[in-house]
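Participant: In case you want the letters, here they are:
4 protein chains.
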Amino acid sequence: MIIVMKPKTEKEKIEKIKNKMVSLGCGIHESKGENYHLIGLVGDTSRIDRSQIQANRSVEKVIIVQEPYKKANRLFHPQETVVKIGNKEIGGNRFSVIAGPCSVESEEQIVGIAEEIKKSGASFLRGGAYKPRTSPYSFQGLRDEGLELLKIAREKTDLPIVTELMSPHKIEKFVEDVDVIQIGARNMQNFDLLKEIGKTDKPILLKRGMSATIEELLMAAEYIMSEGNEKVILCERGIRTFEKYTRNTLDLSAIPVIKKYSHLPVIVDPSHAGGLWWLVEPLAKAALVAGADGLMVEVHNDPANAKCDGEQSIKPERFKSLMDKLKKLGKIENREV
Amino acid sequence: MIIVMKPKTEKEKIEKIKNKMVSLGCGIHESKGENYHLIGLVGDTSRIDRSQIQANRSVEKVIIVQEPYKKANRLFHPQETVVKIGNKEIGGNRFSVIAGPCSVESEEQIVGIAEEIKKSGASFLRGGAYKPRTSPYSFQGLRDEGLELLKIAREKTDLPIVTELMSPHKIEKFVEDVDVIQIGARNMQNFDLLKEIGKTDKPILLKRGMSATIEELLMAAEYIMSEGNEKVILCERGIRTFEKYTRNTLDLSAIPVIKKYSHLPVIVDPSHAGGLWWLVEPLAKAALVAGADGLMVEVHNDPANAKCDGEQSIKPERFKSLMDKLKKLGKIENREV
Amino acid sequence: MIIVMKPKTEKEKIEKIKNKMVSLGCGIHESKGENYHLIGLVGDTSRIDRSQIQANRSVEKVIIVQEPYKKANRLFHPQETVVKIGNKEIGGNRFSVIAGPCSVESEEQIVGIAEEIKKSGASFLRGGAYKPRTSPYSFQGLRDEGLELLKIAREKTDLPIVTELMSPHKIEKFVEDVDVIQIGARNMQNFDLLKEIGKTDKPILLKRGMSATIEELLMAAEYIMSEGNEKVILCERGIRTFEKYTRNTLDLSAIPVIKKYSHLPVIVDPSHAGGLWWLVEPLAKAALVAGADGLMVEVHNDPANAKCDGEQSIKPERFKSLMDKLKKLGKIENREV
Amino acid sequence: MIIVMKPKTEKEKIEKIKNKMVSLGCGIHESKGENYHLIGLVGDTSRIDRSQIQANRSVEKVIIVQEPYKKANRLFHPQETVVKIGNKEIGGNRFSVIAGPCSVESEEQIVGIAEEIKKSGASFLRGGAYKPRTSPYSFQGLRDEGLELLKIAREKTDLPIVTELMSPHKIEKFVEDVDVIQIGARNMQNFDLLKEIGKTDKPILLKRGMSATIEELLMAAEYIMSEGNEKVILCERGIRTFEKYTRNTLDLSAIPVIKKYSHLPVIVDPSHAGGLWWLVEPLAKAALVAGADGLMVEVHNDPANAKCDGEQSIKPERFKSLMDKLKKLGKIENREV
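Chains as they are written, first to last, in our numbering: chain P, 1 to 337; chain A, 1 to 337; chain U, 1 to 337; chain W, 1 to 337.
The reader is advised that the hints may include incorrect statements.
Below, simulated DSS-like cross-link-like pairs (lysine-lysine); rule was C-alpha separation at most 25 Å, straight line [stated by the list, open to error]:
#1 W:Lys328 with P:Lys328
#2 W:Lys315 with A:Lys244
#3 P:Lys199 with A:Lys173
#4 U:Lys325 with A:Lys327
#5 A:Lys61 with W:Lys70
#6 W:Lys61 with U:Lys244
#7 P:Lys32 with U:Lys260
#8 P:Lys11 with U:Lys195
#9 A:Lys260 with U:Lys325
#10 A:Lys70 with P:Lys170
#11 U:Lys244 with P:Lys260
#12 P:Lys32 with U:Lys195
#13 P:Lys8 with A:Lys244
#14 A:Lys70 with W:Lys6
#15 P:Lys70 with P:Lys16
#16 P:Lys173 with A:Lys199
#17 W:Lys173 with U:Lys195
#18 A:Lys328 with U:Lys8
#19 U:Lys13 with A:Lys244
#20 P:Lys260 with W:Lys61
#21 P:Lys18 with U:Lys32
#22 P:Lys61 with A:Lys173
#23 A:Lys71 with W:Lys8
#24 U:Lys315 with W:Lys8
#25 W:Lys260 with P:Lys315
#26 U:Lys8 with P:Lys259
#27 P:Lys170 with A:Lys173
Partner residues are not named here, just some residues of chain U that face chain A (Cβ under 8 Å, in silico) [to be verified]:
#28 Ser135
#29 Leu149
#30 Tyr245
#31 Leu283
Worth flagging that the hints you see were computed from the coordinates, not collected in a lab. Just so it is clear, CB atoms sit at the ideal spot from N, CA and C, and this is done for glycine as well.
Bound-form chain P, shown alone:
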């Protein structure tokens, strides 16, 4: 951390700040330029509050050198994390595919889709039971009943289930019933929820917030990890930009960037990223060659009658064809699909 003092700050004010920093346990390195006087802090500064220093009226700005995340930081944990889910894994050499409908609608629907995606090579079943919808008047999911139907689909196909948790009231139930707990984009900074799931030992699928930076995503992971749960899988699902033809803009560079700065696995959701079924295939293929650890894809047997997100869901036949293409690419990229 580097403190830039305002031009022409009096000596005693500089001394006061230096003393305070020393009292907080930091080493000090000074550098006096023509206009600016810099105070570099040495040592572990991750517990020092930037905004508190910035509040000093003689401080021009505070520059962070070290990333603010620790447990999620590759610098302190060079080995890649592989998250185990039953006898399956996310991370490592395997390219894992999670697939299923936006929302669970009926036993027939969810079991049917689960069987189809399993045949095509998916490793996990997704399906929304509790749905975060922009409008209170839209379908909100089958809720508890949806969870029960997911469990039936798991029993019949042996696919672990991934579903979104929206409220701390349901954590106990999710821990019992679900294999991977998903935290949606809108709750990425619902810090209370993050802390509470951090106290469980369930694998967490953490989606990037709609306008979140990668640093903020990693800080959200840090919230979970700081409570003890290190089984965090990150998910890039598109960010909001000015582009209007697509729902969001897939930030593909997030994959190599996260791989560089963190040891956590990262997957891509091409369905939400583009918001259009015909974008799923090109974006999914791009995710594989860019180094993602897997995908989360919306598959629906009857998109035109889906209760949500039909325009971005692909049919099981198209999913099969996508998996075939991914397998071919996987061979070139030395990834097991």
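Starting from the known structure of chain P, fit chains A, U and W onto it as the hints suggest.
Facilitator: Frame of chain P, contents of chains A, U and W only:
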């Protein structure tokens, strides 16, 4: 709602969609252009799910004509809403000021600040007990103890208290202890929390999400209102832009725009908007002349030692001087400050 | 400038960079933290190319401490700049208003509007002769004829004229005919054009690019100033955000921020910022109380038949009423309107 | 185009607008909903100015149904465009690679790089002679001398040359000397420049503006095409987002989206998109599998001493290895690399 069919769609596919829309209770108006065939839906379409129609592979796009919010919509509720809080109000001719520290730190601090701001003309006391911080290693607020201190300050000054709720677990306590429940920017789309506070009858201060559109803010208000609680006060607190000199960018046009489309009162938070204490005064004055119903301002007796957000807090003396300027402007603008 | 070396960089690589920096004339200050090794550069670093240093594979990142602009920087030029235009000025205590139609349409139109706005207190006449339109099929302005009509309006009203230059081919003509040369948002980083007008001594009105940061705006001003022309007036005209109800989002904090970092005058264009005529008044008033040096407002006698931007133009009567309100506010703010 | 009238607009005002539209040559289709009265325009509306209608105070909003571009629109030109450059092509089945340094620095440098990239399979040589730099104090390119050096490199390698034009003054020279004229991101809406190059018959490489939507990119292409030059190649080069680890965010979905709405070829610039050399490979591979027509890659023999953009340039060896990987992917994707 207008459905634009893909160019060259077969007649029977168009008929199928038309029949489906009629079966959902809509009237139909068709218009055939050179390239596009349009189907206009007449009647109450607010319960029709746009994404479901868009999922139809013959549909090019779906255009929404009517705003998706109903209870928050001025069209159906032309009278301005005034929210009553004890013997005070937000909305109407009065320009109300909420002030106080980012976080409650001690009895002495919160009571001291409360007394000062009251003298200068503030009507409400704010103070964070539970704090949503980007880092799990930053100060998280005094939590329950903070609430107790706020209650002491209220007792001593008679100022109603405004504080942020982060978790549904605490709703009962907040309903009992607090005068206005604040929902922070990061929880603007925490739909479960919105629904639960919608079941109380406490006034709600709903802050705009960091990258939320005004429509999304009004839809979040709609979530609360659809559960029965219509005492919603909106708060513009700056949105994320590419600008780096400021923490966020105050969207001042949000005030007249919200006034046009909604009947709910709207206040401005100049402290979070700019993130810099020296921006508070110009932005606060601008908010008044642009028609806001009030302000929420961070005031701290010792910003350089504040436990959070010190760089955007002003001291009580400066707050007094700000209030004096606002009173002068209020006279010109026929607003009671 | 601070160079952050990658963790675990070998000593000799660090030495190599240090030597290079010394050879470029910089002083060096080192600081070794637990993980990062920092090299601080002392002296005038404004001519050192950050990207060149960043290209070194051992460099983690380069942090700029000092603002990259010099001539536009208040640090080196503490006195506020006042730009003289004939016997008028922009900057200083006066709040100057530029008004007129989006585009010049006829002699009757431009002279009529010029007379009306002059009566209401405007100091300058604006009017587009060459128009940058998003579509090649939209009205492109009367071009040379438009300039002639502006000159007639100036002759009749004595108002200096402000109009947009789009091409270097026309510079000579503009220098002769026009009082203030406007550079539009889309050309803010048309560096060739900036350099060429930098060689003239005409006052320049430089509009902020649609997604430009304030630093980029000041760097664009620096381009003009580095060629010798220091008569630059900046114009905040709204930036692109995700908000859809308004054309752009006025960044009002840009005014105090620019005033802090630069000595150049800054005005506000409330017409383009909101894109809606009913937003002009609240935004114009907000600009005044936030400290702007003036306004640029679109006024049209018949907005519904204007050849461009009619939806954001106000009629002369409304302009008069706006000026009256601004004069009242000016008295409180000690500004001469 | 659909005109939405304000709620409760008087009949005569609606009639007036209808008559005006009919007088402009449009057919009319009306639809009366509960709250809104809609007027649909039938026929060619591309020459009707949306903003002019919106200026009518009784109009709530105007909705565009048809894309505003015509010559660039796939709807009217279903066949894919292939741009011929000498005996080479961009578009069609071939995946073409343009490579070379950010800026031309010396004969040895440009000829050396040209030879290396040719050996590895590049089809075109890029190199900046006139450089658009953010700071007037940064290296501005060798200018005319740079062009001469590019011509020497072309002579020695037979690679067609691609370089950026910044000013209309140089068009004649570029038409004579250069094979593909590049228009940079900052000049994407420099409409005068677009019109002037539209009058030549040189192939144009048009880069997407930093915050431009795809529609705006296609409208910029339309400017060129409307003057007669239809040899336009589009280039996705990353857009500005809130992400700070990367220079820009590559919008990969732009490729399939452009392919759907336009017939023009589209290539990707992975160097500017990420701004970091280690992102070039994953983004380049992703571009190929997502369907791009080619790449533009920065290659430099000595990035750490490059005069610009060294941190995003790859060395010739790494370029060779990238080309080998692209060739393997090309086989799977049935693209000739």
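Participant: Evaluate each hint against the coordinates.
Facilitator: Structure-based check of each hint:
A threshold of 25 Å between alpha carbons decides the hint, and for W:Lys328 with P:Lys328 the separation of about 11 Å falls inside it, so the pair holds. Taken as a hint, the W:Lys315 and A:Lys244 pair is broken in the structure, with Cα atoms around 33 Å apart against an allowance of 25 Å. Between P:Lys199 and A:Lys173, the direct Cα distance comes to roughly 23 Å. Compliance with the 25 Å bound is thereby established for this hinted pair. Restraint check: the Cα-Cα separation between U:Lys325 and A:Lys327 comes to about 17 Å, which is no more than 25 Å; the hinted pair holds.
For the proposed pair A:Lys61 and W:Lys70, the alpha carbon gap of about 19 Å is at most 25 Å, so the pair holds. Restraint check for W:Lys61 and U:Lys244: the C-alpha separation of about 12 Å stays at or below 25 Å, so the hint holds. For a cut-off of 25 Å, the pair hint linking P:Lys32 to U:Lys260 stands: about 23 Å separates their Cα positions. Of the supplied pair hints, the one linking P:Lys11 and U:Lys195 is violated, its CA atoms being roughly 42 Å apart against a limit of 25 Å.
For the given pair, A:Lys260 sits about 21 Å from U:Lys325 by alpha-carbon distance, which is consistent with the 25 Å threshold. With a C-alpha separation of about 30 Å, the suggested pair A:Lys70 and P:Lys170 falls outside the 25 Å cut-off, and the hint is violated. With a CA separation close to 36 Å, the supplied pair U:Lys244 and P:Lys260 exceeds the 25 Å bound. Restraint check: the Cα-Cα separation between P:Lys32 and U:Lys195 comes to about 34 Å, which exceeds 25 Å; the hinted pair is violated.
With a C-alpha separation of about 23 Å, the suggested pairing of P:Lys8 with A:Lys244 holds against the 25 Å cut-off. Note on A:Lys70 and W:Lys6: the hinted pairing holds, with a Cα-Cα distance of about 17 Å set against a maximum of 25 Å. Restraint check: the Cα-Cα separation between P:Lys70 and P:Lys16 comes to about 29 Å, which exceeds 25 Å; the hinted pair is violated. Distance restraint check for P:Lys173 and A:Lys199: the Cα-Cα separation of roughly 23 Å lies within the 25 Å cut-off, and the hinted pair is therefore satisfied.
Distance check on the hinted pair: W:Lys173 and U:Lys195 sit about 20 Å apart at the alpha-carbon level, within 25 Å; holds. The straight-line distance between the Cα atoms of A:Lys328 and U:Lys8 is roughly 61 Å, outside the 25 Å bound, and the hint therefore fails. Taking the CA atoms of U:Lys13 and A:Lys244, the gap is near 32 Å; set against the 25 Å cutoff, the hint is violated. Only pairs whose Cα atoms come within 25 Å are accepted, and P:Lys260 paired with W:Lys61 is rejected, the gap being roughly 47 Å.
Taking the CA atoms of P:Lys18 and U:Lys32, the gap is near 17 Å; set against the 25 Å cutoff, the hint holds. The straight-line distance between the Cα atoms of P:Lys61 and A:Lys173 is roughly 39 Å, outside the 25 Å bound, and the hint therefore fails. For the given pair, A:Lys71 sits about 20 Å from W:Lys8 by alpha-carbon distance, which is consistent with the 25 Å threshold. For the hint pairing U:Lys315 with W:Lys8, the CA-to-CA distance comes to about 23 Å; that is within 25 Å, so the pair holds.
Simply put, W:Lys260 and P:Lys315 have alpha-carbon atoms about 20 Å apart, close enough for the 25 Å limit, and the pair holds. The suggested pairing of U:Lys8 with P:Lys259 holds, with an alpha-carbon distance near 19 Å, which does not exceed 25 Å. With a CA separation close to 20 Å, the supplied pair P:Lys170 and A:Lys173 stays within the 25 Å bound. Interface restraint check for U:Ser135: the shortest CB-CB distance to chain A comes to about 18 Å, outside 8 Å, so the restraint is violated.
Among the interface hints, the one on U:Leu149 is violated; its C-beta lies about 32 Å from the nearest C-beta in chain A, farther than the 8 Å criterion. For U:Tyr245, the suggested interface contact is upheld, since its CB lies about 5 Å from the closest CB of chain A, less than 8 Å. Restraint check, U:Leu283 versus chain A: the minimum CB separation of about 6 Å is within 8 Å; hint holds.
Of the numbered hints given earlier, the model fails hints 2, 8, 10, 11, 12, 15, 18, 19, 20, 22, 28 and 29; all others are met.
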